[in-house]
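Using the working numbering, you'd call the opening residue of the sequence shown number 1 and step up by one each time.
In case anyone wonders, no lab produced these hints; they're calculated from the structure. Relax, there's no trap hidden among the hints.
With a straight-line Cα cutoff of 35 Å, these simulated DSBU-like cross-link-like pairs (lysine-lysine) come out:
no.: 1; residue 1: K351; residue 2: K302
no.: 2; residue 1: K302; residue 2: K206
no.: 3; residue 1: K432; residue 2: K324
no.: 4; residue 1: K120; residue 2: K145
no.: 5; residue 1: K120; residue 2: K435
no.: 6; residue 1: K458; residue 2: K340
no.: 7; residue 1: K115; residue 2: K188
no.: 8; residue 1: K183; residue 2: K92
no.: 9; residue 1: K441; residue 2: K346
no.: 10; residue 1: K155; residue 2: K237
no.: 11; residue 1: K183; residue 2: K151
no.: 12; residue 1: K351; residue 2: K510
no.: 13; residue 1: K155; residue 2: K92
Just the calculated beta-carbon pair ranges, DEER-fashion:
no.: 14; residue 1: P180; residue 2: K144; range: 18 to 26 Å
no.: 15; residue 1: G149; residue 2: K206; range: 31 to 39 Å
no.: 16; residue 1: K206; residue 2: E116; range: 34 to 42 Å
no.: 17; residue 1: E197; residue 2: E45; range: 50 to 58 Å
no.: 18; residue 1: L209; residue 2: P330; range: 28 to 36 Å
no.: 19; residue 1: R43; residue 2: Q247; range: 55 to 63 Å
no.: 20; residue 1: S202; residue 2: D335; range: 31 to 39 Å
Every residue, glycine too, gets a C-beta built ideally from N, C-alpha and C.
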Amino acid sequence: MFRRRLGSRVGALKEGAPVGSLELPKAAAEPERVLLRGIFEIRRESCDVVLGERALRWRSIRPELPAGGSRCDLLGKEESLELEDIFSVKLKRRCSVKHPGSGTLLGITLFICLKEQQNKLKDSTLDLINLSEDHCDIWFREFKKILEGFKGRPKALKILLNPRSHRRESVQVYYEKVEPLLKLAGIKTDVTITEYEGHALSLLDKCELRGFDGVVCVGGDGSASEAAHALLLRAQKSAGVEMDCLQTLIGPELPLGLIPAGSTNVLAHSLFGTPHVVTATMHIILGHIQSVDVCTFSSAGKLLRFGFSAMFGFGGRTLALAEKYRWMSPSQRRDFAVIKALAKLKPEDCKISFLLASCSQNEQERKAQRSPESDSGGHWQIIQGQFLNISIMAIPCLCSVAPRGFAPDTRLNNGSMALIVVRNTTRPEFVKHLKRYSSVKNQFNFPFVETYTIEEVKIHPTSNSNEYSPQEEGGNHTTVSENGFPWNVDGDLMETASEVHIRLHPRLIKLYGGSLEEMNDSKVACNCI
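Let the hints inform the model, and build the full structure from the sequences given.
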């Protein structure tokens, strides 16, 4: 990021000494080795520019006052740009209609990433103007060498694009906002447009991924969850892991990138702190990677799927209703389903067994070896009764309707899940609880809401009937006794009639994205461009 240093002024030039003979102050020279030094024009000011191993620094050169004038520093305040924020470099030339790309050399353009408020990143440029071909060539080759030395930055990506996400805007989002930045960064791409639900799953099971540095999904929560599920299944298959034994799982070699193009974008919002497309793209380009906790959902010892969050009860019924009205816009479908589910609000009889988390939130790693039932140790707790909603979340689940998150105390990789149970209460009280998610008030400060920090949980519905769809307009009552109770897993509908066992697997998958804590600590208002 650009930074303007208020202190550490460079002393005045000795009389008659050339600018190039200036010595850096010892305090500034000792931390990093100087690679290059020269004169460039930056924002219409001549500047003394120093390229170090970690940062580019410059000071404007002020003209010397005539004899008799007051004494002042010949160099202005220092500004700097961290090299890790540069993602491309080009030679800047004057545009020529007759000979495009071969106009008069003007200097060098650095393409950089800037931090803004609210966790947003944006791309920008910094021009270093110098008309000398030899001078610019030396600096250009040094910048290219530095960029090539950054480990972890992708050079080739497999892109999965869901054209049906949200309002079918994902194709436009990718080709107008994402692809130009990837090309600018010199990243090769192979794009596949998915044609049906489950296409990404079958594609990632069979396609050749050798030669790619990562997989990027352009779509909503369902698309992102499907891609993560597919990569995790592929990793287990490649390692020969039996799906009946979910104790020790293998993480995928390739990281997964998410470009938010859905209606809620919970996963992207939790990962980046914002559902901003350019922010997501810049994290991918710069190779920012986070290891994230993942849940396995199994029933009767068989894996159902991988996921990051789930809701049972009201959350599952609402999604099941919304799926029946896919012809509506996403916001209309969601609001309509919520209203209908509230109109037919009813609790589920459940038995919930859970294992409390035994590690602190700051612990980086924990042992994942447990017996198949994990019942040894005596840490399991059991609650049962009637519940309106049950949420299990391994990520904060931020979104526009819950800016603090559905599980605000959960982190992406703290080795625990949030279990949030809402016991039976009146409809008005339940609505008050729902409204709290969009406010700054504590949504859990109700006598009928309980929260637990857990590692593992089993949800066993004991209701005799599993009708979940309220009466339709025509008066027909719909049941799904063959399919089971509805679950909302990462925005996808999952139906199962028996007990669901949810187990956390710490840091199992790598996702492109920076730490929100680090981003919040390093926010800089950039008004220098």
